[in-house]
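Trainee: Given next are the chains, with one letter for each unit.
Protein chains: 2
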Amino acid sequence: MTEATEVGSTSGPGRTAGSDVAFLTDFAALSAFGVTDRGGVHRETATDADAAQRAWFGRWLADRGFAVAYDRVGNQFGLLERTPGAPWVLVGSHLDSQPFAGRFDGAYGVLAAAHAADRLARRRGTGANLAVVNWLNEEGSRFEPSMMGSAVFAGGLDREAALDTRDGAGVRLGDRLAELGQLGDDDVLTLDDVAGYAEIHIEQGRELEDAGRTVGLVEATWAARKYDLTVTGEQSHTGSTVMADRRDALLGASELVVLARELTERLSTADSPLHTSVSRLTVAPNSPVTVAREVRMNLDLRSPDEDLLERADTLLHERIPAISEHARVEVGVSGSHAWGVRPFPAAGVALARRCAEDLGLSHRTMLTIAGHDSVNLNAHVPTIMLFVPSEQGISHNERESTADDDVCAGVDLLTAVLDRLAAGDPVR
Amino acid sequence: MTEATEVGSTSGPGRTAGSDVAFLTDFAALSAFGVTDRGGVHRETATDADAAQRAWFGRWLADRGFAVAYDRVGNQFGLLERTPGAPWVLVGSHLDSQPFAGRFDGAYGVLAAAHAADRLARRRGTGANLAVVNWLNEEGSRFEPSMMGSAVFAGGLDREAALDTRDGAGVRLGDRLAELGQLGDDDVLTLDDVAGYAEIHIEQGRELEDAGRTVGLVEATWAARKYDLTVTGEQSHTGSTVMADRRDALLGASELVVLARELTERLSTADSPLHTSVSRLTVAPNSPVTVAREVRMNLDLRSPDEDLLERADTLLHERIPAISEHARVEVGVSGSHAWGVRPFPAAGVALARRCAEDLGLSHRTMLTIAGHDSVNLNAHVPTIMLFVPSEQGISHNERESTADDDVCAGVDLLTAVLDRLAAGDPVR
Numbered sequence: 001m002t003e004a005t006e007v008g009s010t011s012g013p014g015r016t017a018g019s020d021v022a023f024l025t026d027f028a029a030l031s032a033f034g035v036t037d038r039g040g041v042h043r044e045t046a047t048d049a050d051a052a053q054r055a056w057f058g059r060w061l062a063d064r065g066f067a068v069a070y071d072r073v074g075n076q077f078g079l080l081e082r083t084p085g086a087p088w089v090l091v092g093s094h095l096d097s098q099p100f101a102g103r104f105d106g107a108y109g110v111l112a113a114a115h116a117a118d119r120l121a122r123r124r125g126t127g128a129n130l131a132v133v134n135w136l137n138e139e140g141s142r143f144e145p146s147m148m149g150s151a152v153f154a155g156g157l158d159r160e161a162a163l164d165t166r167d168g169a170g171v172r173l174g175d176r177l178a179e180l181g182q183l184g185d186d187d188v189l190t191l192d193d194v195a196g197y198a199e200i201h202i203e204q205g206r207e208l209e210d211a212g213r214t215v216g217l218v219e220a221t222w223a224a225r226k227y228d229l230t231v232t233g234e235q236s237h238t239g240s241t242v243m244a245d246r247r248d249a250l251l252g253a254s255e256l257v258v259l260a261r262e263l264t265e266r267l268s269t270a271d272s273p274l275h276t277s278v279s280r281l282t283v284a285p286n287s288p289v290t291v292a293r294e295v296r297m298n299l300d301l302r303s304p305d306e307d308l309l310e311r312a313d314t315l316l317h318e319r320i321p322a323i324s325e326h327a328r329v330e331v332g333v334s335g336s337h338a339w340g341v342r343p344f345p346a347a348g349v350a351l352a353r354r355c356a357e358d359l360g361l362s363h364r365t366m367l368t369i370a371g372h373d374s375v376n377l378n379a380h381v382p383t384i385m386l387f388v389p390s391e392q393g394i395s396h397n398e399r400e401s402t403a404d405d406d407v408c409a410g411v412d413l414l415t416a417v418l419d420r421l422a423a424g425d426p427v428r
Numbered sequence: 001m002t003e004a005t006e007v008g009s010t011s012g013p014g015r016t017a018g019s020d021v022a023f024l025t026d027f028a029a030l031s032a033f034g035v036t037d038r039g040g041v042h043r044e045t046a047t048d049a050d051a052a053q054r055a056w057f058g059r060w061l062a063d064r065g066f067a068v069a070y071d072r073v074g075n076q077f078g079l080l081e082r083t084p085g086a087p088w089v090l091v092g093s094h095l096d097s098q099p100f101a102g103r104f105d106g107a108y109g110v111l112a113a114a115h116a117a118d119r120l121a122r123r124r125g126t127g128a129n130l131a132v133v134n135w136l137n138e139e140g141s142r143f144e145p146s147m148m149g150s151a152v153f154a155g156g157l158d159r160e161a162a163l164d165t166r167d168g169a170g171v172r173l174g175d176r177l178a179e180l181g182q183l184g185d186d187d188v189l190t191l192d193d194v195a196g197y198a199e200i201h202i203e204q205g206r207e208l209e210d211a212g213r214t215v216g217l218v219e220a221t222w223a224a225r226k227y228d229l230t231v232t233g234e235q236s237h238t239g240s241t242v243m244a245d246r247r248d249a250l251l252g253a254s255e256l257v258v259l260a261r262e263l264t265e266r267l268s269t270a271d272s273p274l275h276t277s278v279s280r281l282t283v284a285p286n287s288p289v290t291v292a293r294e295v296r297m298n299l300d301l302r303s304p305d306e307d308l309l310e311r312a313d314t315l316l317h318e319r320i321p322a323i324s325e326h327a328r329v330e331v332g333v334s335g336s337h338a339w340g341v342r343p344f345p346a347a348g349v350a351l352a353r354r355c356a357e358d359l360g361l362s363h364r365t366m367l368t369i370a371g372h373d374s375v376n377l378n379a380h381v382p383t384i385m386l387f388v389p390s391e392q393g394i395s396h397n398e399r400e401s402t403a404d405d406d407v408c409a410g411v412d413l414l415t416a417v418l419d420r421l422a423a424g425d426p427v428r
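One line per chain: the protein sequences are H and B, in this order. By full-length UniProt numbering, the letter at position 215 of the first sequence is numbered 215, and the numbering carries on one by one without gaps. By full-length UniProt numbering, the letter at position 32 of the second sequence is numbered 32, and the numbering carries on one by one without gaps.
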């Protein structure tokens, strides 16, 4: 960024070196909310840090002429009505974070959306109305499930059930949002108002970096199966109980964690990868001298290959009885979520590709492994999902990073995509 | 208990069917503090239930002429000074419980001690002074370490360090005890005042039941090595992170749990058993979509065979590097406690055997696998440790039980042992 050149006039709408600086400056301000000692952010849903950031973001939008409002589940909208009665094009992501996470996940996409809409507004164009959205609770670490606000908006989750969710300390989400003054009393927008949705996000993997490309055009979501497991044993004394008498829920749970990794090692190939994980596990009573009576845990399987996922699911269920017998525990399995490979509209990918080429940005089509709010919208409205690179693929980590050039290129691409969506270019 | 027969006059001091009823009635009252839906107790240290029970027990003692006081770490004493200036014989156990645990563990021994001392007092005998003690925090589930109050009394743990301990919610033990009015401002008794210590406890195993004996005369404690482990990985996204890039602390921890059990399966024999366990394990950040960056866990090895324990320790340490490499984690191991096979004085065992035989109680010598407050006292003063059977060996469980006849026989035995200790019979 050595001088202010008006590249926007030919290669895209409204980009200047000055707009890059404006974005990076705003992003630095945004990253101060919940900042950690090591430069990450710790900003779970409806914490003080999250609430303060939403308030800041609301003021940012209002200062630029957006009408700002929370809907009845706490999604935050900034509306720019350019043509009364015209459809709305929605663009956004989420500002909440995982615990001790990175600055870019979600927050980048929300600020990029706000800057893109603001750039279009400054051009005083017509076409569809523009709505920026900061979805409530995409991360799901404090209040489950994840992607909550967009799921309610898209009709996949009951609003009251979402507001009734409680965190580990028993705090009810709806009460907390009301206390913060971040829960509205109408819908702001409904699905029927929305003509299209766009979202940009960091990749959270290293495919773009490895391939040396600047932007990713997301064609589909990996298939996933997510399970909630309950392992039930029986409390006993860790010292005096004869080993053969033990019914150790933590032993059973640990064997399940090891099994999840073994599934990857047995089934995954370069062409058909399988990702598995157990990342949440709680032990009761979790005392130093009492054998665990119960462990609750998650277990996820993800793959771009639905047949492979089916085989992994089968093998998982085949292996559970041996674990159950060895540890003398009961293993309860419930499927909390499952989805197949879900394509984004091909016309939307083509639209994004044209924009990338106009801007001279190297690109590739790819899949998203992580879930995003766009996945909820994609089931109902024309949706475009874009990626910028994550350095070394690191995410959900304080070291998460994306180069400034990539950050700014992504905002340009989103602006161009939003411009065409608002102009009514076909997405499907 | 069909009629009131005076068996105490010949076979032991002061037992009557009436005294059995009195004990069982008091024990029922004691078991109401922190009672659970399934008939167990949930009465961790310095909870409301624990505090209410201590208050009740203090009134019980005071009503019978004991001088009641808390020492400077919150141990509760009831003193019966029969001969001013004479040494004190101490008898007791602990009233706190594990979460959702049984009625007998600890509480039985405290009430048995109080009844035994009261029976002797009613006989208006002379000899040593009698002190009943309810040790603070034997269980260590809320505030670590376990056996805290007796460790401070015996000089093995710094009093201020103990009071500075905080529970999972950040509550400081010393503050909580002061708030409850259960922290004294002097020592009440010191180790130098004590001529001998006796404790009775449920076995928590099934050796007595399997052998058909009523009481156990404890000759020694199993050797033990207790470790605190910290497994360090790195946060990343559970979906999008390539499997080969993951540094999954929960995978490493789970492999350690499985290893602990494998040590038993490889090394334990009928003659030289090895008990192993991991029972406390906490995951950070414990989110559904973030690979764990850190797991903290305990790991215990126990055996009556010190050589076997040494081999188990060696094998554990030999196997850790492979786990560390496979899960790409660092494993930090610190030894929190370790002790060898610790004998109780043979003269004390012989004294207890004579008492059991005088009472016509079947008995056997045995080891204790679980730690008890007596282990702390045994290092410094003549100490006698007694067991009554645990039905099916079940303990740290709401179903923990001991038959009424065994319960009452144990009180008789403790009374007889206390009588001889107070009379100055040699223990070592």
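Honestly, the hints are just simulated from the structure, not real lab data. Hints may be right or wrong, so weigh each one.
[Claimed, not checked] Label pairs and their calculated CB-CB ranges:
(1) H:Asp210 - B:Glu306: 21 to 29 Å
(2) B:Pro321 - H:Glu391: 25 to 33 Å
(3) B:His380 - H:Gln392: 52 to 60 Å
(4) H:Gln392 - B:Glu391: 31 to 39 Å
(5) H:Ala62 - B:Ala55: 55 to 63 Å
(6) B:Arg328 - H:Pro84: 56 to 64 Å
(7) H:Asp245 - B:Arg328: 33 to 41 Å
(8) H:Glu391 - B:Val341: 22 to 30 Å
(9) H:Glu391 - B:Arg328: 13 to 21 Å
(10) B:Pro321 - H:Glu318: 30 to 38 Å
(11) B:Thr230 - H:Glu391: 43 to 51 Å
Since we're looking at a predicted model, the values are computed, not measured. Don't be surprised by glycine CBs; every beta carbon is placed ideally from N, CA and C.
Trainee: Sort out which numbered hints this structure fails and list those numbers smallest first.
Mentor: Of the numbered hints given earlier, those the structure breaks are 1, 4, 8, 11, listed in rising order.
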